[in-house]
Amino acid sequence: QQQVKQSPQSLIVQKGGISIINCAYENTAFDYFPWYQQFPGKGPALLIAIRPDVSEKKEGRFTISFNKSAKQFSLHIMDSQPGDSATYFCAASEDNYGQNFVFGPGTRLSVLP
Amino acid sequence: DTEVTQTPKHLVMGMTNKKSLKCEQHMGHRAMYWYKQKAKKPPELMFVYSYEKLSINESVPSRFSPECPNSSLLNLHLHALQPEDSALYLCASSHGPGPNQPQHFGDGTRLSIL
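Chains A and B are the protein sequences, given in the same order.
Under the working numbering, the first residue of the first sequence carries the number 3, and numbering increases by one thereafter.
Under the working numbering, the first residue of the second sequence carries the number 61, and numbering increases by one thereafter.
Chain B extracted, bound-state conformation (with noise of 0.2 angstroms):
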């Protein structure tokens, strides 16, 4: 099993709900990221988190927004989005922000647009 948890498992949502995706680890990780994969391509970074502060942004629509309540959590608010959308989002997480740390990642949300 994965140590980093992600819920929920699946989201089905229209274009007008607002939902919210959940990360934990429990592992004193003190970076987290959120990452979009579309089928059969590899993740993209969204936005990455150290110290619970946000330090990356990849230029991401503003129908995302994340939020680091701590330094174990991670979530990402979803509002007004569009088909395209549809996509499995994954969190990872690393030790610390420096280089050459690995990434560890969860199972990911697939999340349906309607």
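Pulled out of the complex, with its shape left as it was, chain A reads as follows (with noise of 0.2 angstroms):
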């Protein structure tokens, strides 16, 4: 009930193209969703995070889109770049413990140029 999925594990894409990272989750209590990105050597960095009450958060490049229904949420990443070749994990944490974090596995993106 606690996990995020995501998927998938790893991810090409071509420079220009988009990248797309799905996560899903289980536990209806979750009600803020974080992204995080995460170079080799550094810590994880925060993207961009969305609440159950929105569909859709842009952020530049980056846009979260969240369907409560399915309990899913994804990360696009247009016009994607070298510069975004990175791990990305999604997040998930409830109301009354909203600092335990729950993340997803990860996926490693690559953007080849």
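Everything labelled a hint here was simulated from the structure, so no lab data went into it.
Quick caveat: nothing in here was measured; it's all calculated off a predicted structure.
By construction, the Cβ of each residue, glycine as well, lies at the ideal position given by its N, Cα and C atoms.
Certain hints may be false.
One side of the interface only, derived from the structure: several residues of chain B facing chain A at Cβ under 10 angstroms [to be verified]:
| # | residue |
| --- | --- |
| 1 | K100 |
| 2 | Y111 |
| 3 | E118 |
| 4 | V120 |
| 5 | A152 |
| 6 | Q163 |
Not the full set, but computed from the structure, chain A residues with beta-carbon under 7 angstroms of chain B [said to hold, decoys possible]:
| # | residue |
| --- | --- |
| 7 | P42 |
| 8 | K44 |
| 9 | P46 |
| 10 | L48 |
| 11 | F91 |
| 12 | F105 |
Combine both chains into one complex, guided by the hints.
Rendered as structure tokens:
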């Protein structure tokens, strides 16, 4: 119930293409969904986050789509660049346990020049 | 540069050694976290401090001992670690202990146990 599933495990995209990473959860008490980007040798950096009362949130080339009924959310990276090559983690937390993030297993994205 | 600073960046220690990891933030955040991250895995929560008090301990072995001397500092004292404790140890902070607070991570300490 506490798991967050994430797919694909790895993704290769051509420069300029769209990268799509999907996450799914079971716990309907989850109500905060951040995405983190991690480069090798660095800590995770917050990319974008969404709450379930919003179906879509866009920041620059990054968009989160949220489907509350399906309990799924996804990250879309438009015009993918080689500099976007990193590992991406989705996460979820619930109101009463806001400090406890449940992370997905991660997606390793490679953007080819 | 990250606003959560961790030292040292790398640490190699024997199983009988005692060492400490340090984390510092000056963003006025009142919640601080320790995570452990193995290669190609997501971060795993170890401890949470809220207003300098330990609020969550995720059943971490006693060879890991956290300390929060003040609202800006977080330490992790290490003693008698095992080879399987080799990992990246990440510190994070958030504005408060309430829900839906984004957590800001440091770049971690890469720990190797000989």
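Min Cβ distance, K100/B to chain A: is it shorter than 10 angstroms? 7 angstroms, holds
Given Y111/B was flagged as interface, is its beta-carbon under 10 angstroms from a beta-carbon of chain A? Y111/B check fails; min Cβ-Cβ to chain A is 12 angstroms, beyond 10 angstroms.
So, F91/A near chain B? Judge it on the closest CB pair being under 7 angstroms. 5 angstroms, holds
Interface hint check: K44/A, Cβ to nearest Cβ on chain B, cutoff 7 angstroms. Holds or violated? 5 angstroms, holds
Holds or violated: is the Cβ of A152/B closer than 10 angstroms to a Cβ in chain A? 8 angstroms, holds
Interface restraint verdict for F105/A against chain B (beta-carbon cut-off 7 angstroms): Hint on F105/A: holds, closest Cβ of chain B at ~4 angstroms, below 7 angstroms.
Have a go at the V120/B hint: is there a Cβ in chain A nearer than 10 angstroms to its own Cβ? 14 angstroms, violated
Satisfaction of the P46/A interface hint, Cβ to chain B closer than 7 angstroms: P46/A check passes; min Cβ-Cβ to chain B is 5 angstroms, inside 7 angstroms.
Given E118/B as an interface hint, is its Cβ closer than 10 angstroms to any Cβ of chain A? 8 angstroms, holds
How about L48/A: closest beta carbon in chain B under 7 angstroms, or not? 5 angstroms, holds
Quick check on P42/A please, does its C-beta sit within 7 angstroms of some C-beta on chain B? Since the shortest Cβ distance to chain B is 10 angstroms, the answer is violated.
Per the CB criterion, is Q163/B less than 10 angstroms away from chain A? Interface hint status for Q163/B: holds (7 angstroms vs cutoff 10 angstroms).
Hints 2, 4, 7 from the list above are not met by this structure, while the remaining hints are.
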